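Build out the structure end to end from the sequences listed, making use of the hints.
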Amino acid sequence: MDLQESIDRIAIVGAGPVGLTLAIALAERGFGIDIYEPRYTDSEGAQLSNGRSINFTIMERGLKAFDIIGMRDQIIEIGVVLKQRTVHFPDDIMINPFGGNITSTVRREDLQRVLYKKAAEFSQIKLINARVTSVDIKKGEVAWSGQQETGVQAYLQVFGADGAHSTVRQSFQKYHWFELQQETLNLGYIEFLFPPELAKGNFEADTLHLWPRPNCYLFGLPNNDGSITINFFYPLTGPNSFEQIKSNEDFKNVFTQLFPNTLKCIPDLDSLWSGLKVSYLQDFQCFPFSHGRASLIGDAGHTIQPYQGQGVNLGLEDVSAIVELFDQHKDDWEKINQEYSLSRKQSARSAKLLTDLTLVEYTKELPDPSFKQVCRIIGYLLKNYSPVFCTHFQLIAFTHADYCEAEIRQNVERKIIQELVQRSDLNMILQKDVKNQEILKLLARYGLREEKK
1 MDLQESIDRI AIVGAGPVGL TLAIALAERG FGIDIYEPRY TDSEGAQLSN GRSINFTIME
61 RGLKAFDIIG MRDQIIEIGV VLKQRTVHFP DDIMINPFGG NITSTVRRED LQRVLYKKAA
121 EFSQIKLINA RVTSVDIKKG EVAWSGQQET GVQAYLQVFG ADGAHSTVRQ SFQKYHWFEL
181 QQETLNLGYI EFLFPPELAK GNFEADTLHL WPRPNCYLFG LPNNDGSITI NFFYPLTGPN
241 SFEQIKSNED FKNVFTQLFP NTLKCIPDLD SLWSGLKVSY LQDFQCFPFS HGRASLIGDA
301 GHTIQPYQGQ GVNLGLEDVS AIVELFDQHK DDWEKINQEY SLSRKQSARS AKLLTDLTLV
361 EYTKELPDPS FKQVCRIIGY LLKNYSPVFC THFQLIAFTH ADYCEAEIRQ NVERKIIQEL
421 VQRSDLNMIL QKDVKNQEIL KLLARYGLRE EKK
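Each residue of the sequence shown is one higher than the one before, counting from 1 in full-length UniProt numbering.
Please keep in mind that the hints were generated in silico from the structure rather than gathered at the bench.
Below, a list of computed lysine-lysine pairs in the DSS-like style, where the Cα atoms sit at most 25 Å apart:
id, residue 1, residue 2
1, Lys383, Lys441
2, Lys64, Lys117
3, Lys174, Lys139
4, Lys252, Lys200
If you anchor each label on the Cβ, the simulated ranges turn out as follows:
id, residue 1, residue 2, range
5, Gly100, Asp433, 19 to 27 Å
6, Leu276, Gly201, 24 to 32 Å
7, Gln257, Trp177, 47 to 55 Å
8, Phe178, Glu334, 14 to 22 Å
9, Lys435, Ser274, 53 to 61 Å
10, Pro195, Lys246, 25 to 33 Å
11, Ser343, Asn427, 39 to 47 Å
12, Gln373, Val434, 13 to 21 Å
13, Glu77, Glu324, 22 to 30 Å
14, Ser343, Ile95, 30 to 38 Å
Fair warning: this is a prediction, and the values are worked out from it, not measured in the lab.
Yeah, the Cβ is synthetic: ideal placement off N, Cα and C, and Gly gets one too.
So, in structure tokens, the structure goes:
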């Protein structure tokens, strides 16, 4: 294969939301872009997704990247804006309002389409329907294979946005200095829909739905047509696991026992299991994210679990970081890559830690009846001491604060709650439900103070 040189162009491997957003942002800054993606099947940008209709939860840090390319409002419009989280306990519900902050759930195919349509407006963006087989990360050379031909192309920069099983990351793995940690969990998930005609009237359409249970949980995100995309997270092996579900009847029994208030929304429950596929969950964390002429973005550099919807937001934040560094350093790609890699290392690790803690919350803490007292405390603090007190989830979802800052806030939050739980007058404080000077002093000891006017 003859080497072709495009030293004034940038290659992006993978045309998911992260890759397309970066392509548009860099094209707006004058670069020619080649996007390698073998899964596109039509001019609308419809992408094969193994039959899955996975939803993305787009939060403020993700919307920041769409701000950069002028698409914030359009992305919000194609999704459903969530006003709250509803937690479905076996005998009760708990509502956590989002306080007017924007969190939107968007179908993967809808997001892909609007981003692809935007990318198609740029004559300098070229979509190459080919599979990348290897990358020389030091030279920026991309080896690719199409349906009828192969080639090697050299680029100014190469960005690996090709997901958890990244070919670009595999090219990094050839070097001894590359750090890679991989974790396979004893947890899988299945996905199906509550159809609109059954979901409407039974479950609110602008709500993130959560059914926490011991060692498992059900998660629901609404769609524009009134349907709800459901994900069931369950152990792969063990006494109560996917391994033990051998038939449609077994599956029906699991849902009847764990989630009886959902049965009326599953019209094909008697036959549903036979058409479902269990997906596995893996974590990848690596470093560095950049070397030579190549960088890893999105799941290619940090695959985290979907419990909190942070995977796509963390990837879109990578885009924001790269664009901000380019605007600061212009064509000094060596400095851009170095600063990008260092700045994202701890953010990715903190995001993973906080995501892992979310699984503990869903499968250990919330199913424990005694944890409802903690929920009452958090509700009281948010109502009476905001914005002095805010949770780590609020920092993650509704601000641009670094994930490291959210990790610190999680530790502070836990210590404050531990102190409050030990107070003999806690129930009286919660019952009065007003601001308390002693609580203000407690918050101040942890650095949470009211601003002086």
